[in-house]
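Peer 1: So the protein lines, in turn, are chains A and B. Take 0 as the starting number for the first sequence in numbering that gives the first Met the number 0 and just add one per residue. Take 0 as the starting number for the second sequence in numbering that gives the first Met the number 0 and just add one per residue.
I should point out that these hints are in silico values taken from the structure, not numbers from a laboratory. Ideal placement from N, C-alpha and C gives every residue a C-beta, glycine not left out.
Restraint-style ranges between C-beta atoms, simulated for each label pair: (1) A:Ala414 x B:Thr137: 54 to 62 Å; (2) A:Ala288 x B:Arg170: 35 to 43 Å; (3) B:Glu18 x A:Glu18: 54 to 62 Å; (4) A:Ala288 x B:Asp196: 53 to 61 Å.
Protein chains: 2
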Amino acid sequence: MATIVGMEVLDVRFPTSRELDGSDAMNPDPDYSAAYVVLHTDGGPDGYGLAFTIGRGNDVQAAAIRALAPHVVGRAVPEDAQALGDLSRELVGDSQFRWLGPEKGVAHMAIGAVVNAAWDLAARRAGLPLWKFAASMTPEELVSLVDFRYLSDALTEAEALGILRAAEPGRVERIAKLEAEGYRAYSTSPGWLGYSDAKLVRLAEQAVADGFEMIKLKVGGDVADDVRRLKLARETVGPDIRVAVDANQRWDVEAAIAWMTELAPFDPYWIEEPTSPDDVLGHAAIAKALAPIKVATGEHVQNRVMFKQLLQAGGLSVLQLDAARVGGVNENLAILLLAAKFGVPVCPHAGGVGLCELVRHLSMFDFVAVSGDDTDRTIEWVDHLHEHFTDPAVVRGGRYLAPTAPGFSARMHDATLRRFRFPDGPEWTETPSE
Amino acid sequence: MATIVGMEVLDVRFPTSRELDGSDAMNPDPDYSAAYVVLHTDGGPDGYGLAFTIGRGNDVQAAAIRALAPHVVGRAVPEDAQALGDLSRELVGDSQFRWLGPEKGVAHMAIGAVVNAAWDLAARRAGLPLWKFAASMTPEELVSLVDFRYLSDALTEAEALGILRAAEPGRVERIAKLEAEGYRAYSTSPGWLGYSDAKLVRLAEQAVADGFEMIKLKVGGDVADDVRRLKLARETVGPDIRVAVDANQRWDVEAAIAWMTELAPFDPYWIEEPTSPDDVLGHAAIAKALAPIKVATGEHVQNRVMFKQLLQAGGLSVLQLDAARVGGVNENLAILLLAAKFGVPVCPHAGGVGLCELVRHLSMFDFVAVSGDDTDRTIEWVDHLHEHFTDPAVVRGGRYLAPTAPGFSARMHDATLRRFRFPDGPEWTETPSE
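All chains should be built: construct the whole structure from the sequences, respecting the hints.
Peer 2: Take a look at the structure:
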């Protein structure tokens with residue numbers, strides 16, 4: 000039996016703030032970054048995971064991952080649901096480390112990175128892409144991966160088992176469908192705040208030509224600008240392409256309602272992150288006021304307890320799971336089960352560094368083994384930084400192709416790690432930073 | 000004008016897990032710790048602050064504080080509300096660092112430690128204890144310290160100003176009252192889970208003899224044990240002393256209601272942390288089911304947005320502010336204003352390392368300048384680790400004495416810092432850890 004013999008953690012940063020890619024109302028100059036973890040083994044493949052950040056503080060995130068090494072180094076390589084559940088329980092259950100969250104922020108993202116690296120390892124050893132590896136588990140095994148603590152008033156273990164068993168018939172057909180057709184994507188590329196109107200129009204036209212059925216625009220800087228940009232986008236793509244908007248937490252509750260009321264004539268499909276990701280009741284008030292415009296959130300929703308409440312309160316109608324914000328595959332399975340219980344579509348947050356690579360596995364696993372449904376589901380697509388990954392996400396005709404390489408796709412090229420290591424990689428030493 | 004010329008951050012840990020002091024249902028073996036920050040200046044006193052943790056991960060917390068140095072080093076020593084507001088806004092507003100929270104967990108506690116150290120510095124330079132320094136500011140100055148983002152649906156700046164103006168008359172008399180009588184305390188010392196029944200009875204008797212009007216017991220390990228221990232405590236202290244219980248997040252919603260229903264015959268005053276601190280709706284359901292038993296929470300409530308919702312939803316009837324969990328004095332002022340708006344008493348969480356030292360200032364400031372009221376308010380008291388502080392909290396006759404030394408009281412003795420530094424202090428190198 001192989002053993003994890005070492006954990007390596009790297010601070011990797013891309014100088015994206017030099018362009019305006021990624022600019023929005025709350026994040027004017029992100030340097031997309033990853034606290035990158037490698038689980039080295041004494042036989043067979045290594046495992047790769049990451050936490051995504053946007054620059055300063057990525058070293059703190061890396062330190063948090065390193066702090067988990069005693070739980071991992073010396074451990075048998077996990078190969079099945081039992082071992083992957085045990086690891087997650089041990090990490091989340093460290094009573095001293097737990098104080099730093101609990102189950103939120105830097106400490107929780109560190110757990111997520113390690114748990115995801117362990118899943119990568121297990122899937123590589125099984126010779127399967129993560130989505131197929133997870134979908135090869137029985138409903139009983141899948142339920143054993145989930146921490147139901149704090150969920151039972153909304154979702155019991157028995158209910159979860161029922162959901163998973165109901166999705167057992169048809170797994171094979173849905174896998175075949177994904178392999179043939181992929182999974183629906185939408186494009187955020189046209190909509191960054193820093194782009195000119197001409198660039199917005201050009202990229203929106205391109206998105207439609209490329210087969211995307213939805214695009215997304217960043218809003219929240221200036222309401223007159225947003226009205227002009229959304230009107231332009233709507234005129235460019237016509238009435239049948241969905242246009243979502245994303246405020247990146249810019250507003251208070253009343254401001255969100257007022258601002259979106261001005262944008263409503265241009266038929267926005269959803270408003271994403273209208274306010275603080277912590278404000279369950281605020282999201283519920285906004286959702287009620289703005290219906291039928293949908294409310295979407297998730298990239299900053301810290302854990303399953305917050306998603307539970309957002310669902311209970313009617314605070315979201317689109318759940319934007321994030322691969323690297325919560326406690327890894329295990330907690331994302333809990334979140335997929337909650338969404339299935341409440342009948343809310345999951346449309347993952349992606350972009351960033353490696354998020355497209357990771358979330359495609361989660362959506363495809365959901366379609367095969369959890370919700371069994373892809374109606375109104377779509378995965379964010381930003382065509383950015385994929386060249387740094389050994390198993391990059393690929394979108395064709397507006398759809399994510401099903402990944403086929405073993406693992407969870409977080410591995411970066413060695414050349415990338417050397418070049419973009421912060422602060423000592425040549426990308427940072429050879430050119431002035433900021 | 001003096002300048003902050005350096006920031007020093009120390010990982011300080013006390014081996015409290017060798018005894019069972021501090022043991023509860025979720026934290027069986029804490030090593031009470033502080034990520035301790037010193038702001039060095041080129042003239043006049045230095046400033047001291049800390050984040051409290053319970054052991055593993057304290058190094059991560061220290062790294063997060065260090066990451067804030069570029070915002071602080073080289074800055075003019077803050078002396079007034081304007082400068083203290085500017086610092087808080089700059090730290091919370093760092094758009095890259097914000098991704099690590101936002102405004103929660105390790106990153107946010109780091110901001111709190113630095114902001115509190117800056118307040119310590121300002122109060123020392125003013126020659127006043129923090130509570131008096133803050134209470135010397137005008138309502139307009141106090142309001143300028145607060146970040147109202149995400150609060151306006153529950154508390155506007157104008158409402159906050161109204162609350163502060165209403166408390167202006169009588170400030171002098173209330174200061175005099177605090178200096179004469181101190182501020183009510185309650186004792187957690189009898190109630191740790193690891194203590195025997197005999198020790199519980201002995202310490203409960205002692206608490207009453209010492210003048211405390213309330214004691215608190217940890218619960219949530221075993222229901223039969225809890226019934227026996229609460230019955231014993233009630234028999235020991237009689238009907239007129241309040242007995243609160245604290246589950247430290249042990250339960251799901253339905254379990255909390257069922258468990259507390261078994262304890263109800265012994266008249267518990269409040270149930271503290273019945274479930275996840277993130278579960279606003281869960282707290283509301285528990286509060287509704289258990290009334291008139293009060294629901295208390297706060298030590299793990301991550302920021303003002305969560306407190307806002309707990310108040311909006313009726314999820315707490317006692318607000319347990321924590322000096323070192325949120326973004327420092329500025330955010331705690333927002334939380335005091337929210338509590339005043341909703342008419343909920345603030346009973347701070349203390350114990351830990353330095354929390355008693357810090358929170359007494361916040362409660363006294365609240366009494367003088369915010370709520371103007373001390374009805375049903377009481378500050379937790381744990382007689383533990385105070386000897387390490389240069390301006391230790393002192394309780395006499397069940398009341399916190401008003402501190403008189405300039406500053407915010409987070410400073411530790413140099414000998415303590417040398418001895419308990421982790422991992423290289425003699426406390427850790429000379430005796431086996433764990």
